[in-house]
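**Student:** Put chain B on the given structure of chain A with help from the hints.
Number of protein chains: 2
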Amino acid sequence: MLKTNFNIKSPKKEIVPFLKEKIDNLTKPKGSLGRLEKLAVQIGTIQQTLSPSLNHPHHIVFGGDHGITAEGVSYSPPEVTPQMVFNFMEGGAGINFLARQHNIQMKIVDSGINYDFESSDQLIDLKVRKGTRNYLHEKAITREEFDLCIERGAQVVKECHNAGCNVISFGEMGIGNTSSSSLWMTCLTGIPLDQCVGAGSGFDSEGVKRKYSILKQALDNYKGDGSIIDILCYFGGYEMLMTVGAMLQAAELNMVILIDGFIMTNCILAASRLYPEVMEYSIFCHQGDEAGHRLVLDYLHARPLLNFGMRLGEGTGALCAYPLIDSSVRMINEMSSFKQASVTKYF
Amino acid sequence: MLKTNFNIKSPKKEIVPFLKEKIDNLTKPKGSLGRLEKLAVQIGTIQQTLSPSLNHPHHIVFGGDHGITAEGVSYSPPEVTPQMVFNFMEGGAGINFLARQHNIQMKIVDSGINYDFESSDQLIDLKVRKGTRNYLHEKAITREEFDLCIERGAQVVKECHNAGCNVISFGEMGIGNTSSSSLWMTCLTGIPLDQCVGAGSGFDSEGVKRKYSILKQALDNYKGDGSIIDILCYFGGYEMLMTVGAMLQAAELNMVILIDGFIMTNCILAASRLYPEVMEYSIFCHQGDEAGHRLVLDYLHARPLLNFGMRLGEGTGALCAYPLIDSSVRMINEMSSFKQASVTKYF
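Read top to bottom, the protein sequences are chains A and B.
Under my numbering, the first residue of the first sequence carries the number 1, and numbering increases by one thereafter.
Under my numbering, the first residue of the second sequence carries the number 348, and numbering increases by one thereafter.
Treat each hint with caution, since some may be false.
Said to hold, decoys possible - If you want a taste of the chain B side facing chain A, the calculated C-beta under 7 Å gives, among others:
| # | residue |
| --- | --- |
| 1 | Lys375 |
| 2 | Pro424 |
| 3 | Val427 |
| 4 | Gln430 |
| 5 | Asn434 |
| 6 | Phe444 |
| 7 | Tyr462 |
| 8 | Ser548 |
| 9 | Ser552 |
| 10 | Met657 |
| 11 | Ser674 |
| 12 | Glu681 |
| 13 | Ser683 |
Unchecked claim - Cross-link-like lysine-lysine pairs, in silico, DSBU-like; alpha carbons within 30 Å at most:
| # | chain 1 | residue 1 | chain 2 | residue 2 |
| --- | --- | --- | --- | --- |
| 14 | A | Lys20 | A | Lys9 |
| 15 | A | Lys30 | B | Lys477 |
| 16 | A | Lys130 | B | Lys692 |
| 17 | B | Lys385 | A | Lys130 |
| 18 | B | Lys556 | A | Lys30 |
| 19 | B | Lys477 | A | Lys345 |
| 20 | B | Lys570 | B | Lys486 |
| 21 | B | Lys454 | A | Lys38 |
| 22 | B | Lys377 | B | Lys360 |
| 23 | B | Lys377 | A | Lys216 |
| 24 | B | Lys454 | A | Lys22 |
| 25 | A | Lys339 | A | Lys38 |
| 26 | B | Lys505 | B | Lys385 |
| 27 | A | Lys158 | A | Lys130 |
Said to hold, decoys possible - Covered, in the sense of this in silico footprint (three residues per stretch, anywhere, with C-beta under 8 Å from a C-beta of chain B), are these stretches of chain A:
| # | segment |
| --- | --- |
| 28 | 16-23 |
| 29 | 34-40 |
| 30 | 68-82 |
| 31 | 87-100 |
| 32 | 301-314 |
| 33 | 317-330 |
Simulated from the structure, these hints should not be mistaken for lab results.
Note that beta-carbon positions come from the ideal geometry of N, C-alpha and C, so glycine has one too.
So here's chain A without its partners, still in its complex pose:
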């Protein structure tokens, strides 16, 4: 089905009781570190070890422009996409201070931004086209471009893995991409479009109504074959498809995948339709305020770590949660057992 095939296995579960036994013998009442314990079990299972570790964490921001912005579906003008990419390169954006705080290596990728950047060490040029086509009138992305996106997204992750990375998160910059996400969501989950559309970067309720009516028209105009790949192409973004390829590659390489907000949740939704096992490698980090985010999370049976009312994108929700995931790994590696500490086992 895909041109690039991935060999994604469900992690073996034989280790789970041993992980639980180790955690239950640490000096604390049984279960008293709550979600840290569950995270440690998940990461230990992915890595198939009782002493998991997070090595060389990377964060990839994929950027792309969207033809649909010509219809006024975003509160922000499209020139903000390249402007913010310059801001990422200069270190002044939201994602930058978080990456510095947690010592996470950042990579910025031009997946399909409508701007001619000069060559730079700080920007990976994987541009497919200068923005997608306007899906009010035509398919946003061709099948050839789709294959290219999956392959290029996967390649970026391979390079991180080669550098020793085993935990990775993704973010995006693309004015208009909450619209694409809402359309993927309604088509892939069956949740009605009006429950999938939200304020994006700042619409008021009138703006959301206008956005909805344009997206409804686009959905009505859709005459494709209804297959998953056709839907992803028709309403997609280059940055979103590269993320899908990146997520699948990360799962194939047994990496821990941190899932950010609304757009990244719809990317993992898409990835999981291609390879359901990708979900087992995913940690959902943040539930945002964008309407529909809770619904798609519920659909995926996902319960994010944080609920901080953030809606910036870029991956800020994932990076905010990184130290909590790090805590879970430190817990299982650094805490003494009852026996080691000569504490009466009190559970």
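**Tutor:** Frame of chain A; chain B shown alone:
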């Protein structure tokens, strides 16, 4: 009323619009960093600056034993209190790995543990008595001991402040102290006792029932004057009263106070009854699973940062949340403004 008086002022609010203006001009949609923005406003207001900072964070664990444990109100045996203090000193407990992870200086205080420790650099000896009296039959703590606890707790915080600390969190070790907390809670909020009692370190529903019936008897036996100080003495713990003194001192010194779980929430409840302004210095970090915690948080109009199902105590919930608070300060200091980054102000 108190022997040690505190001069705790409500932070001046004139700076709030300036903090909001600075945050609204950072390169992100308005409000899109959610709770990080609210935290930055709170900390900037406490510190009266547009460039707040977190300096030399400290975490204090107060330990104490409880006479009521003779009645079997805890799932864990009382010898666990000193055993866990040794574990803290050796670095093997839950709170230790978190303090190491976030570079937080820890201090361990013997407030009233029923054990004769040898003198050690790692343990601050402020012992009032080897455990409280059994409040099923008599007042747990005398008025003189109360004054001593407030004064000693305050002294510990003064020393941290002298070392350059402006952000502090507190934790406890004291088998039996969820019982004391439940009794403080019911007396100070009017919430019925049965809604304030939970599983502590691991009771099943039968155990919780037994615990409730003993605490109900203790409450029925109470014949004090109903004043706040009398209630805090009657049902209190030495470690809890030292925490109250420590919290009040921290607020007087304009420090940011991180509030952990059920027991620490009841300590700030007590502190706020003495000086309501202490609440403005407090950041609620974690909502635990202990029955009643949500109720006392609602009573205080507090909405914690995390809901991780933790119930270890020691301050683990507060320390897990520390990097999120750090993120808020980095946001306001490190992000570029729209003007600095030449980004179209898109809100």
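**Student:** Each hint should be assessed against the structure and marked as holding or not.
**Tutor:** Comparing the hints with the structure gives:
Contact between Lys375 of chain B and chain A, as hinted, is supported at the beta carbon level, the nearest pair being about 5 Å apart and thus within 7 Å. Against a cut-off of 7 Å between C-beta atoms, the interface hint on Pro424 of chain B holds, since the closest Cβ of chain A lies about 6 Å away. The beta carbon of Val427 of chain B comes within 5 Å of a beta carbon in chain A, closer than 7 Å, and the hint placing it at the interface holds. With 7 Å as the threshold, the beta carbon of Gln430 of chain B comes within range of chain A, its nearest partner Cβ sitting at about 4 Å, so the hint holds.
The restraint placing Asn434 of chain B at the interface with chain A holds, with a minimum CB-CB distance near 4 Å, inside the 7 Å limit. Interface restraint check for Phe444 of chain B: the shortest CB-CB distance to chain A comes to about 4 Å, inside 7 Å, so the restraint holds. Annotation: interface hint on Tyr462 of chain B violated; nearest CB of chain A at approximately 13 Å, more than 7 Å. The restraint placing Ser548 of chain B at the interface with chain A holds, with a minimum CB-CB distance near 4 Å, inside the 7 Å limit.
Violation of the interface hint for Ser552 of chain B is found here, the shortest Cβ-Cβ separation to chain A being roughly 16 Å, above the 7 Å cut-off. Proximity of Met657 of chain B to chain A holds as hinted, the smallest CB-CB distance being about 4 Å (cut-off 7 Å). This hint holds: Ser674 of chain B has a C-beta 6 Å from the nearest C-beta of chain A, less than the 7 Å allowed. Among the interface hints, the one on Glu681 of chain B holds; its C-beta lies about 4 Å from the nearest C-beta in chain A, closer than the 7 Å criterion.
Taking 7 Å as the C-beta contact cut-off toward chain A, the hint placing Ser683 of chain B at the interface holds, the least distance being around 3 Å. Restraint check for Lys20 of chain A and Lys9 of chain A: the C-alpha separation of about 22 Å stays at or below 30 Å, so the hint holds. Distance check on the hinted pair: Lys30 of chain A and Lys477 of chain B sit about 28 Å apart at the alpha-carbon level, within 30 Å; holds. At most 30 Å may separate the alpha-carbon atoms for a hinted pair to count; Lys130 of chain A and Lys692 of chain B meet this at roughly 23 Å.
A C-alpha spacing of about 38 Å is found between Lys385 of chain B and Lys130 of chain A, which places the hinted pair above 30 Å, so the restraint is violated. At most 30 Å may separate the alpha-carbon atoms for a hinted pair to count; Lys556 of chain B and Lys30 of chain A meet this at roughly 20 Å. As the CA atoms of Lys477 of chain B and Lys345 of chain A are separated by approximately 23 Å, the hinted pair is consistent with the 30 Å bound. About 10 Å separates the Cα atoms of Lys570 of chain B and Lys486 of chain B, which keeps this hinted pair within 30 Å; it holds.
Restraint check for Lys454 of chain B and Lys38 of chain A: satisfied, since their Cα atoms lie roughly 29 Å apart, inside the 30 Å limit. The hinted pair formed by Lys377 of chain B and Lys360 of chain B meets the criterion: a straight-line CA distance of about 21 Å does not exceed 30 Å. Under the criterion of a C-alpha separation no larger than 30 Å, the hint pairing Lys377 of chain B with Lys216 of chain A is consistent with the structure, at around 27 Å. Restraint check for Lys454 of chain B and Lys22 of chain A: the C-alpha separation of about 28 Å stays at or below 30 Å, so the hint holds.
Distance hint between Lys339 of chain A and Lys38 of chain A is fulfilled; the C-alpha atoms sit about 22 Å from each other, no more than 30 Å. Distance restraint check for Lys505 of chain B and Lys385 of chain B: the Cα-Cα separation of roughly 28 Å lies within the 30 Å cut-off, and the hinted pair is therefore satisfied. The hinted pair formed by Lys158 of chain A and Lys130 of chain A meets the criterion: a straight-line CA distance of about 25 Å does not exceed 30 Å. Coverage of the segment 16-23 of chain A by chain B is violated in this model, with 0 residues showing a Cβ closer than 8 Å to a Cβ of that chain against a need of three.
Under the rule that three or more residues need a Cβ within less than 8 Å of chain B, the assignment of the segment 34-40 of chain A holds, with 3 such residues. Under a criterion of three residues with beta carbons nearer than 8 Å to beta carbons of chain B, the stated coverage of the segment 68-82 of chain A is upheld, 5 such residues being counted. Coverage of the segment 87-100 of chain A by chain B holds in this model, with 9 residues showing a Cβ closer than 8 Å to a Cβ of that chain against a need of three. Counting residues of the segment 301-314 of chain A whose C-beta sits closer than 8 Å to any C-beta of chain B gives 8, which meets the bar of three, so the coverage hint holds.
With 6 residues having a Cβ less than 8 Å from any Cβ of chain B, the segment 317-330 of chain A passes the three-residue criterion, so the hint holds.
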